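Once you've looked at the hints, dock chain S against the given chain R.
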Amino acid sequence: MADKKFSILDPFSSVDLGLAESADGVKQWAIANRAIIQPVKKFFNEMIVGIDAVLNAVPPMIMLVILILIAWQAAGRRVAVLVGVAMFALGFLSPNAWGLAMTTLAIVVSAVILCFIIGLPLGILAGKNDRFETAMRPVLDTMQTIPAFVYLVPVVMLIGIGNVSGVIVTIIFALPPLIRLTSLGIRGVNPSVVEAARAFGANPRQILFKVELPLATPTILAGVNQTIMLSLSMVVIASMISVKGLGNEVLRAMGRLDAGKALVGGLGIVILAIVLDRITQGMGQSGRERGHRHWWQGGPVGAVLRLAGKA
Amino acid sequence: MLYASRILEGERQVTMQPDDAVIDCRNLWKIFGRRADEAMKAVQEQGLGKLEVRDKFDCVVGVQDATFTVGRGEIFCIMGLSGSGKSTLIRHVNRLIEPTSGQLFIEGQDVNQLSARDLREVRAEKIGMVFQNMALMPHRTVLDNVSFSQEVRGHDPKARRENAMRAIDAVDLNGWDQKYPDELSGGMQQRVGLARAIAADPSILLMDEPFSALDPLIRRQLQDKFMSLSAEMKKTTLFITHDLDEAIRIGDRIAIMKDGALVQVGTPEDIVTNPADDYVADFVAGISKLELISAAKIMTPVEQFEQLNGPANTDSWPEAHPDHSLDDLVNLSIATQHPVVVKAGGKAIGIVTKNALLRGIQGDVEDAASLKH
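Residue numbers (my numbering), protein chains in the order written: chain R, 1 to 311; chain S, 1 to 373.
Worth flagging that the hints you see were computed from the coordinates, not collected in a lab. Just so you know, these numbers come straight off a predicted model, no measurement behind them. There is no bait here: all hints are sound.
Simulated crosslink set (DSS-like; lysine-lysine; CA at most 27 Å straight-line): (1) K126/S / K234/S; (2) K179/S / K225/S; (3) K210/R / K179/S; (4) K244/R / K27/R; (5) K210/R / K158/S; (6) K210/R / K126/S.
Sample of chain R residues lacking proximity to chain S, with all beta carbon distances greater than 12 Å (derived): (7) K27; (8) K41; (9) T145; (10) V156.
Don't be surprised by glycine CBs; every beta carbon is placed ideally from N, CA and C.
This is chain R alone, in the form it adopts within the complex (with noise of 0.2 Å):
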């Protein structure tokens, strides 16, 4: 098009600049520089077949009662019901979705810690630093909207094919809302509580630690439960390179047109979803909203030291 005759009404289509091309260069420099990330990609890929090992190790049975008796800790009996009901219902989509659940449910665990250890500190950069929010935030935008599949060649270039490559094109995806999340939750801490935190003596850390992250809990879990939400929303691109698990279900069914099949990854991932979803909002509530005090004091753990209490 570069040879185009220039209008000034129309510059665009005349001009080429080669972003296109020069672009593509990244491609170039990251199949170029594939043996300094593999160091990386060895942490990465041990963390997530270490999970994935034990969380299909586990009888399902046996991990059914782990998932309600958490559920129970962290949101109280209804959520544990639910939980029960809806693994139930998971477990019976088909012969082998449980197993794909617990391989699919290793790789959003390995993504959302991931997401915990980079985001939150980045969050509270954000919360008490403007300059630092405010250059954030186009990054924050492009990773949340940019298409998948731009970053998903790159991501294969340099990492090659499989659960890591996985891994961090969800991250990628799933880490906006906790910075924006945690950021917000810093800075809606009550300043006045802040500045008695000085008034007493607390240095920066202390005030970190014991009033701001206390008290931004809340919005934080928010944003922790909107990243696992994100992550679970990946997991059909995810499998596009070679991720195992439901949403590889679904992409295998969706070539061959196969309805059944892909409606039973599909149900298989929002039923992970929902049960995740209620857990992680669980934790985000005070204990005091379900009428006690502290976390151990209700839940299985409450009725242990209960029962242990009066023996």
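Positioned in the frame of chain R, the structure of chain S alone reads:
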């Protein structure tokens, strides 16, 4: 230290010994805004006013040339309307706000020269602060709130618990130590705030409108509680209020603040009987003088009285002490038709006629004493 700072008390100049001054604030200025330093320079060199600073530099003058000292064990009230800069001023004492210019000494130590670490130590060990909006930590129990300053200093858990329980006990909140702030009423929350301030046994208390957010009855109760605690603990206190009645009730001395400047500093009696300008006069107009003005202020010296009325036979007259309030004089005066004689050390030094008493109740001290009525 070789200085002795002078305070304008009504029309008298009182010289305080440096050893007495626990808080010593000298020529303190605070200007808010991006061009504060430029504005400060212009103020010092050209003597710009508050409005000129605002127009020229887009800066706000928070505190203007504040100078005062607070002696050991004294309760010093700063009274002013909202926006007068009193909350800004009190925050300079523990350096929550850095001054633009001027100095502030605590027990002879320049607060603004302290390192961050030393400053934190001073804040935790030497100063207790109570806030208007309580500013309790909602995620901590009453006990954990009260022991906060000792916790950040890393004191032994057992000792800080004991100190905190003692403070909770002092504000009559026994049994509430495991509750959370939102389970308490406003008055109780502010008592927790008070307990938190005294838990580490600091030598200085900063009270930033502590009782303003409470309803009148609870406010009165807390004032009484504070005054009885204060009489017991004898802590040097800087007390901010927008309520002159409260300032008079609580303060040993009062400073009136307007537009960031201290307009007048003096004892409650000085302020009420000798307002420095119309602004202060407006404030004190509605204040009852009965408890504030002493017999010494309105009495006519015996010699002057005798010059005008001939020799006075004071034997059958009711007798008063120079420190007696107008209220006491009224009681004495009602029982008889005679004037009241004021005696010190068994010797008659002054005479208060009924007319002088009436003028005194109006607050017109000079008129009362001069017998011109």
